[in-house]
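J.: So the sequence lines, in the order shown, correspond to chains A and B.
Counted the way the numbering used here counts, the first sequence spans residues 54 to 839.
Counted the way the numbering used here counts, the second sequence spans residues 627 to 760.
It is worth saying that the hints were derived from the structure and are not from the lab.
Note that the Cβ used here is the ideal one computed from N, Cα and C, for glycine as well.
Heads up, a few of these hints could be off.
What the hints assert, rightly or not - Restraint-style ranges between C-beta atoms, simulated for each label pair: (1) A:L350 - B:S636: 55 to 63 Å; (2) A:A470 - B:A639: 55 to 63 Å; (3) B:G663 - A:I522: 54 to 62 Å; (4) A:P472 - B:D740: 25 to 33 Å.
Stated by the list, open to error - Think about it this way: if two alpha-carbon atoms lie no more than 20 Å apart in a straight line, the pair counts; the simulated EDC-like pairs of lysine to aspartate or glutamate are: (5) A:K707 - A:E160; (6) A:K520 - B:D634; (7) B:K630 - A:E511.
To be verified - To give an idea of the chain B side of the interface with chain A (calculated C-beta under 8 Å), a few residues: (8) I631; (9) I633; (10) S636; (11) V638; (12) L654; (13) Q677; (14) L683; (15) N702.
Single-letter residue listing:
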Amino acid sequence: MRIGVYLCQCGGNISKVVDLQRVSEALHDIKDITILKEHSNMCSGAGQKLIIEDIQAHRLDRVVIASCSPQFHEKTFKSTLEKAGLNPYVLEMANFREHCSWTHRSEPEIATEKAIDLIRSSIEKVRHDYPLEKKKIAMGNRVLVIGGGVAGIQASLDLANAGKEVTLVEKEPTIGGNMAMLTKTFPTEDCAACIISPKMAEVQDHPNIRLLTNTEIVNTTGHRLRFEITAQKKPRFIKDTIDMDQCLGCEKCVEACPVSVPNQWEQGITDRKAIYIPAALAIPYKYLIDEDACLHLQGQSCRKCADVCPQNAIDFSQKSETTQFTVDSVVVATGFDIIDPREKPVFGYGKYKNVVTGLEMERIVDHISENPPPRDVGNRVGFIQCVGSRDEQTGREYCSRVCCMYAIKLASLLKQARPNTDIYIFYTDIRAFGKGYEEYYKKSQSMGIKFIRGKVAELEENPENKKIIVHGEDTLSRQIIEAEFDLMVLSTGIQLSKSSDKIADSLKLAKSSDGFFQEAHPKFRPVDTLVEGVFLAGTAQGPKDIPDTVAQASAAAARVIGTLAQKEFEVDPMLAFVHEDLCDGCGACVSKCPKSAIQMNSENKAYVSEALCVGCGSCIASCPHEALDLHGYTNSQLYAAIQGALAGKTDAQKRIIVFADDSCTYRVADAVGIRKMTYSGDVRIIRIPSASRITDKLIIYTFQQGADGILIGDCPEKSSRFAWSKQQTLENIKAAQSYLKTIGIENKRIVFAEFASGMLADFVNRVNQLADVIKTSETVQVNSNR
Amino acid sequence: MANKIIIDDSTVAFFNLISELSGETITLCDQCGTCSGGCPFVNDMDLMPSQLMRKTLLGQEDVLESKTMWLCATCNTCTVRCPRGLDVSKVAEALRQVKLRQSLDKIKLNEISDEELKELPPIAIVAANRKLVS
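Just chain A, same shape as in the assembly:
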């Protein structure tokens, strides 16, 4: 066996914390290492060339690379091996960056020790690696776009025009999103509704787009390029025949309805009835009944709308409908919510009636030319910038990027409509970064809009005239400002929409520290996620204006088209198989497989159908002879990985082995490192395909090798691609516990935990809790005879 071991410095990211020299020395005595090299960037062309040349010159047959997490560059290095003529499955990676140098950046000693253990684990495992053939699956044509705002609309149209079958799901009764609510757009002052409504109509009419409004994604399962989607359509309470020909849109119902509630789409500036069309430019242009406002649906006897409807189109009996479908790729365009300005109580939003949000001001300005307008503004109007963003008090350090320009736009539009209005913008920095933005800013100044540099500290209401008193400083003249405003607009920042959280959990998407979705690479994969087949568009990825949103939506569509353009795609052949020589034909495994992939053949040996097996590993524990196994994570590979990870342990040290499933737990552990969070230095993480792969025998072996505690992490049952496997995992743990008790290992030293994508703090807490538990526990004597 000829193993090549490569240590990546990652341009200092690793080498400034982990002492790679010490790692090399620790590997000195290990047999079969033919080559041991260090490089500044293994993933670079030069780094890969080095590996290729070594493989060819030194006839290497195994490769171990210590670098970043495999989720970033495993693909890169697999193709490097292929280029050198080596099978890609004889590669193991040791996660030196996310799990060592970033997690333990302030404790280089711990990071280095952990790195040595991790690379020992990888080296021991790689000895048991063997060539595998990739499985090929035919590519589909179906795309789900989540969110019908400007990003979702643009992505849907680009995809549909390229011949993809698009399903666009929007939770509101109309598409158009936040953009449709804007009055005009900066810096051109095009009317937002006028430029988005043709696109909305195009979505509705496009033969390749299926539009589901008033519908929410309830769950998604599956992975890579096959996603099973469950969506729930809320009732409109209007009979929905083809073309809605039953409803004529005569409005008699609206006139008859006795209930008036604030019009949410108009930000409460105007009222609407309980039966209504969501907006003047709504697509689909269909009535619906507000379940919470309708007297009949709240149990009263009112049926006024149904009584006057000449077409008998109203149907109070409608219920939510659940639909299920399969797609090959997903574009997440779930957009933003404005930050609730109540998070800054000093501004009195909700308490003072003359303090409004930027979005409310959009609607106020949109109606300002009506006579009389539904909401007037008075003579002196102020804007306060950066409300909720760039503010550690609200936990948001990021710039929302749109507020400067929308405040300038609203001020300019107001000044044009009412030239005598005295307008002030209180700002910290004006960020006019886009094309034509600086010019637009200057134009607003030339119109007489006054910019005061300084963040207002506090607002107060004059109890007599309800005007808003400002307490702040003009930091340019270093003087305190004292003024009364008829209207004060809070230029509220934006945050990831709340409804995105559910999507994040079920698609297992990670979030970055600003709370928006994390892209796969900030520079070179800006619309990809780390989940294959899932792409990001618009403000779900981070604050951006309309031109950037549209550009990114088209980029996401192009990435989907490019991905689906391959005739077939390759998936890792990490499927179950049978060691026929060990199988005694007992058949215990057959009923364990939820996919019915295991059968007995004519020679009474178990046989796994590759077409049906999904590689969950749930079957493996059922075999009393370890005849069932999983490619890539075989028993011998995992025993070796465990033994390697614990090989350096001294009697004084404590060790926790975390078996981290590839889809959730491993990524959460990576994200913990990316966020520079830290946890107990006793932890050693081993990557597994799913929690149910860890059999009772593996658990026992881990303790026998000297581990003091085990944490088995998996995806939450609901969103797991192996939802059925939790039961098996718990059975395996129970079986192991009943033996371990007899040798003095308490149940509390084996923990099972479920981690969704954002649960970084939970991960840290769980491993730290376990580290506390084992502090006082005794290590078991090594007894590898069992």
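Mind docking chain B on chain A? Use the hints.
T.: Same frame as chain A, but now just chain B:
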């Protein structure tokens, strides 16, 4: 105690007056400081030219008590350098006009003593009459 800027209808009226008299769009001033940095008289001024602009924008009438506008020689160094194309000297001139129109006589002709009348050259009295008497 720091000075207070009061924004109300009267301060806005003062700003509007100076804007009208100077013909300059004072709200364009970005407070970049180019004017003050290059002004040859800035060392003798109590308010720098940029401060003069700021106070005017905010309608602070106490700017009239400053001697800056009287020290401005209209050399136009600031004017040719302003990135927003503003003519600061015109604003200074507008402020001088407003101050002069307040009819504040710095000298009263009938209080000039006989001795002074006898000693001073006639041109000094003519000049003082022009500059310091409304």
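J.: State the violated hints by number, sorted upward, taking the hints as numbered earlier in the document.
T.: Structure breaks hints 2, 3, 4, 10 and 15.
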